[in-house]
Amino acid sequence: MKKEKVKMNKKQLKKARLKRKTIILGIIVLIVLVLSFFAPYFAPNDPYLTNAIAAKHPPTSEFLFGTDYLGRCVFSRVLVGARTSIFATLMLVIMSFIVGTAIGIICGYYGGAVDNIIMRITDILLSLPQLVLAIAVAGILGGSLVNTLIAIGITSWTSYARLARSHTMRIKNLPYINSCRMTGCSDFHILLTHVLPNLIGPMLVNATLEIGSTMLSIAGLSFLGLGVAPPAAEWGSMVSEGRSFLQIAPWTVFAPALSILFAVMLFNYFGESVCDLANSNEV
Amino acid sequence: MNSEEKRIKSRCDVVKIKQADEFSSYMVLEGEGFSMKKKLLVVALSTVMVVSSLLTGCGGSSGGSSSGGGSASGGASGSAETTTGGVFKSVETFAYGSIDPHKEYYSWHTQKYGLTETLFRINDDMEIVPWLAEGIEIEDNVGTITLKDGICFSNGNPVTSDMVKRNIERLIEVSKRFNYMSEWTYETPDDKTLVITTGDRVYPTLKNDLATPELAIMDLDATTDFDNNPICTGPFVVDKFVPQGDITLKRNDNYWDGEVNCDGVVFYSMSDDQSKLMAMQNGEIDAYDNITTSDIEIFSADPDNYTLASVPMQMRSYAFLNSEKLPDSVREAIVLAIDKESIAAFLPGMMSATEGAFDTDAPYGKVQPPKRDIEKAKQVLEADGYKLENGVFTKGGQPLTVTISCYQSRNIDTIAVLMQEQLNAFGIKADIKIVDEPDGTYMTDHNYEICLYRSITDKTGDPMTWFELAVESISYQNIAGFGNEETDKLIEEYRYTVDPDERAELANEIMQQYYDSNTALFLTCYNRNAVLRKGASGFSETNPFEFYGVSAKTTVGIK
Numbered sequence: 001m002k003k004e005k006v007k008m009n010k011k012q013l014k015k016a017r018l019k020r021k022t023i024i025l026g027i028i029v030l031i032v033l034v035l036s037f038f039a040p041y042f043a044p045n046d047p048y049l050t051n052a053i054a055a056k057h058p059p060t061s062e063f064l065f066g067t068d069y070l071g072r073c074v075f076s077r078v079l080v081g082a083r084t085s086i087f088a089t090l091m092l093v094i095m096s097f098i099v100g101t102a103i104g105i106i107c108g109y110y111g112g113a114v115d116n117i118i119m120r121i122t123d124i125l126l127s128l129p130q131l132v133l134a135i136a137v138a139g140i141l142g143g144s145l146v147n148t149l150i151a152i153g154i155t156s157w158t159s160y161a162r163l164a165r166s167h168t169m170r171i172k173n174l175p176y177i178n179s180c181r182m183t184g185c186s187d188f189h190i191l192l193t194h195v196l197p198n199l200i201g202p203m204l205v206n207a208t209l210e211i212g213s214t215m216l217s218i219a220g221l222s223f224l225g226l227g228v229a230p231p232a233a234e235w236g237s238m239v240s241e242g243r244s245f246l247q248i249a250p251w252t253v254f255a256p257a258l259s260i261l262f263a264v265m266l267f268n269y270f271g272e273s274v275c276d277l278a279n280s281n282e283v
Numbered sequence: 001m002n003s004e005e006k007r008i009k010s011r012c013d014v015v016k017i018k019q020a021d022e023f024s025s026y027m028v029l030e031g032e033g034f035s036m037k038k039k040l041l042v043v044a045l046s047t048v049m050v051v052s053s054l055l056t057g058c059g060g061s062s063g064g065s066s067s068g069g070g071s072a073s074g075g076a077s078g079s080a081e082t083t084t085g086g087v088f089k090s091v092e093t094f095a096y097g098s099i100d101p102h103k104e105y106y107s108w109h110t111q112k113y114g115l116t117e118t119l120f121r122i123n124d125d126m127e128i129v130p131w132l133a134e135g136i137e138i139e140d141n142v143g144t145i146t147l148k149d150g151i152c153f154s155n156g157n158p159v160t161s162d163m164v165k166r167n168i169e170r171l172i173e174v175s176k177r178f179n180y181m182s183e184w185t186y187e188t189p190d191d192k193t194l195v196i197t198t199g200d201r202v203y204p205t206l207k208n209d210l211a212t213p214e215l216a217i218m219d220l221d222a223t224t225d226f227d228n229n230p231i232c233t234g235p236f237v238v239d240k241f242v243p244q245g246d247i248t249l250k251r252n253d254n255y256w257d258g259e260v261n262c263d264g265v266v267f268y269s270m271s272d273d274q275s276k277l278m279a280m281q282n283g284e285i286d287a288y289d290n291i292t293t294s295d296i297e298i299f300s301a302d303p304d305n306y307t308l309a310s311v312p313m314q315m316r317s318y319a320f321l322n323s324e325k326l327p328d329s330v331r332e333a334i335v336l337a338i339d340k341e342s343i344a345a346f347l348p349g350m351m352s353a354t355e356g357a358f359d360t361d362a363p364y365g366k367v368q369p370p371k372r373d374i375e376k377a378k379q380v381l382e383a384d385g386y387k388l389e390n391g392v393f394t395k396g397g398q399p400l401t402v403t404i405s406c407y408q409s410r411n412i413d414t415i416a417v418l419m420q421e422q423l424n425a426f427g428i429k430a431d432i433k434i435v436d437e438p439d440g441t442y443m444t445d446h447n448y449e450i451c452l453y454r455s456i457t458d459k460t461g462d463p464m465t466w467f468e469l470a471v472e473s474i475s476y477q478n479i480a481g482f483g484n485e486e487t488d489k490l491i492e493e494y495r496y497t498v499d500p501d502e503r504a505e506l507a508n509e510i511m512q513q514y515y516d517s518n519t520a521l522f523l524t525c526y527n528r529n530a531v532l533r534k535g536a537s538g539f540s541e542t543n544p545f546e547f548y549g550v551s552a553k554t555t556v557g558i559k
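First to last, the protein sequences are chains A and B.
Going by the working numbering, the first residue of the first sequence is number 1, and it counts up by one from there.
Going by the working numbering, the first residue of the second sequence is number 1, and it counts up by one from there.
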């Protein structure tokens, strides 16, 4: 009896630690989001101002991360690029989440031909290498941030749809859903009031886990010249621009590359924590 | 967890333990047989990994970073450790599917590889000098070309005047750009003489035209595969050509102009600047040109191992201002507002600012566009009803915006960024649109406001090629709405004018009209920058034209 009590305490302690870790990470994520949103106000220099005399200068107190081949302040561009990179990622994840969840719920709840058709489409989309498909789509649509989001978004909704569908199929057969039906509730009401709230947790966990990979996809396409149009600052395109000067001005590559690394790690770590916390709650 | 779930879980655990026991018993029973199998498996896996790494080229250190699946070894063997003999290695930026010199611009590459040669060539001082031809005598509308003695193709067959005539006829048939030559007549009184009659009128640039790389002389009878293995007169012959990939050439043992120094030549297909740089640093190649600004910095810091050569080319970057989309005042203001010197300052060594399409010291380059004048640019816009409000020119409440279309090659995109910044600072809101390649987009559909392009503006030491390329109504680069009958007539007159002073006067008049239209803004003049490994030479690095490269005297660098 005493052993069991100690065991319970350990479990609770672990859960509490997990909760604390998630909250701390959540606060860091929030700070990064706020900072990136207001980045243009923090930038010490004009991120777009070129200066032939100051081109390729190593980091100094005036230019914290040095200057690029056009003499632009790399630190200011990294800050401004954060806004583009992070908010474009969040927008894409939110859009994919909404579209994917809506499709998944409908497929899971109604089943039948519509479910079959949509699920076969998702099978096809999932069978294609996502980045290759995105490169092809972005290549056809032309290089711009919106087109990049569309190119990645074409496949990114599928994981949400499949997850939402499987959860909906499980939930729809539970007794309380049958009771709702018997009381005359409409399908829309059931989906909105009883199905959606019960699957939103795992869906959100999935969304937070997707942020890191989505950010890498956007940066990858930008690196290939399919993202933002110059001179707009975006981390992927900054790495691409600085690549030619890697041997003589490595800071032009390392500053945006490390920013990508930091942001992706942070969001992935946060996603994992949320996932672990959600799992511990289920147990 | 309810009792039913616990029961199922415990049953699963039992099954797992059973399976584990069965597996370990199997291991014990098999004993040595199992470890033997395991060893074999390890050997097999290792073999597969080694073979696959060799196939994918990961394990090889030779051959450089060839792309396109082509073998870099071919038949061009030899040591690259001495300054004589060996295989000279370089890189080719563009990928193409054929090496038929009469098609497209493939001759620009084949001539660089030392595969093809022409009757005349342009030397380092931009003079037309004999190559396969001994010389040319021009009298009115008749040009008599005498071929050199002893010239032959790589298969040993002699080059005859009849073969030269047939090559010109094939070029006219294959390439539309040389249709004008179909109006001429060709006679071959003997094996060494070709007489060209240029219609009823004198054609002053006949010699210049015969120096164009497209007029490569092939053995049309012996060549069976024009796209992959043309038989020509150069110091090297094709050993292996991979379409869209590498090309390997070997020494032409029958070369007509003395002994060929190198055993062979390899040009790897490599479009990425970083790959080229690293290939040079790794010792995989002996030389390459079109090096970037950062490469210039890197190689100039190591003069003991690399030789840098830089000569001004006649290649220029320029912007077309679409007269159908931009009003006269806006075009004029843009031409007056752009600071070319400032653009060139960002790309030191790569390019310098240019006044117009031709050098100012050329007799046909005396007329130049107006110089930068911000005040005048503002006045022009204000006279047309534009007002400067909050740093942006507006008309009827609408801000003045333009889109600059460009592509990512030879720093064209960098020029676009700098132009955009200058226009924004001036008061014209500019955006940039990047396309994959210009020829399939704005150069053909003409859907742009401002677009950037680059090409050789003075190919043969005469402005006629530029007139035919960009000024005439029917020309390929007449995309900004300039072409008109009046200028066409002047060009036609120029074509047949002989007197040098009159020609210069006419050329300047044509260019004056061209500049006055404000449909083209010439920005920078490129340098031909080449880097050679210590010991390597003979890459035509001092010639301003990129279509010259290796020759019989080319030597390989020391590693």
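Be a bit skeptical, because a hint or two may be false.
To be verified - Derived lysine-lysine pairs resembling DSSO-like cross-links, with alpha carbons at most 30 Å apart: (1) B:K387 <-> B:K325; (2) B:K325 <-> B:K240; (3) B:K433 <-> A:K56; (4) B:K429 <-> A:K56; (5) B:K429 <-> B:K378; (6) A:K21 <-> A:K10; (7) A:K56 <-> B:K534; (8) B:K553 <-> B:K192; (9) B:K371 <-> B:K534.
Claimed, not checked - Just a sample of chain B residues kept apart from chain A, beta carbon distances all over 12 Å, derived: (10) Y186; (11) R201; (12) T224; (13) Q274; (14) D431; (15) K433; (16) H446.
Said to hold, decoys possible - DEER-style ranges, computed between Cβ atoms: (17) A:V34 <-> B:D436: 50 to 60 Å; (18) A:L204 <-> B:D227: 23 to 33 Å; (19) A:L133 <-> B:S323: 50 to 60 Å; (20) A:L204 <-> B:T444: 44 to 54 Å; (21) A:Q247 <-> B:T146: 47 to 57 Å; (22) A:L141 <-> B:P327: 23 to 33 Å; (23) B:V392 <-> A:V34: 50 to 60 Å; (24) A:I150 <-> B:S271: 26 to 36 Å; (25) B:D200 <-> A:L141: 33 to 43 Å; (26) B:D436 <-> A:L30: 47 to 57 Å; (27) A:V146 <-> B:D339: 25 to 35 Å; (28) A:I124 <-> B:Q244: 26 to 36 Å; (29) B:G440 <-> A:I24: 20 to 30 Å.
These aren't lab readings, by the way, just hints derived from the structure by calculation.
All figures in this text were calculated on a predicted structure; none of them were measured in a lab.
Even glycine gets a Cβ: it sits at the ideal position worked out from N, Cα and C.
Evaluated hints:
no., hint, result
1, B:K387 <-> B:K325, "20 Å, holds"
2, B:K325 <-> B:K240, "49 Å, violated"
3, B:K433 <-> A:K56, "25 Å, holds"
4, B:K429 <-> A:K56, "27 Å, holds"
5, B:K429 <-> B:K378, "14 Å, holds"
6, A:K21 <-> A:K10, "16 Å, holds"
7, A:K56 <-> B:K534, "28 Å, holds"
8, B:K553 <-> B:K192, "26 Å, holds"
9, B:K371 <-> B:K534, "43 Å, violated"
10, Y186, "47 Å, holds"
11, R201, "48 Å, holds"
12, T224, "38 Å, holds"
13, Q274, "6 Å, violated"
14, D431, "7 Å, violated"
15, K433, "7 Å, violated"
16, H446, "17 Å, holds"
17, A:V34 <-> B:D436: 50 to 60 Å, "38 Å, violated"
18, A:L204 <-> B:D227: 23 to 33 Å, "59 Å, violated"
19, A:L133 <-> B:S323: 50 to 60 Å, "41 Å, violated"
20, A:L204 <-> B:T444: 44 to 54 Å, "49 Å, holds"
21, A:Q247 <-> B:T146: 47 to 57 Å, "52 Å, holds"
22, A:L141 <-> B:P327: 23 to 33 Å, "31 Å, holds"
23, B:V392 <-> A:V34: 50 to 60 Å, "31 Å, violated"
24, A:I150 <-> B:S271: 26 to 36 Å, "27 Å, holds"
25, B:D200 <-> A:L141: 33 to 43 Å, "54 Å, violated"
26, B:D436 <-> A:L30: 47 to 57 Å, "40 Å, violated"
27, A:V146 <-> B:D339: 25 to 35 Å, "32 Å, holds"
28, A:I124 <-> B:Q244: 26 to 36 Å, "30 Å, holds"
29, B:G440 <-> A:I24: 20 to 30 Å, "53 Å, violated"
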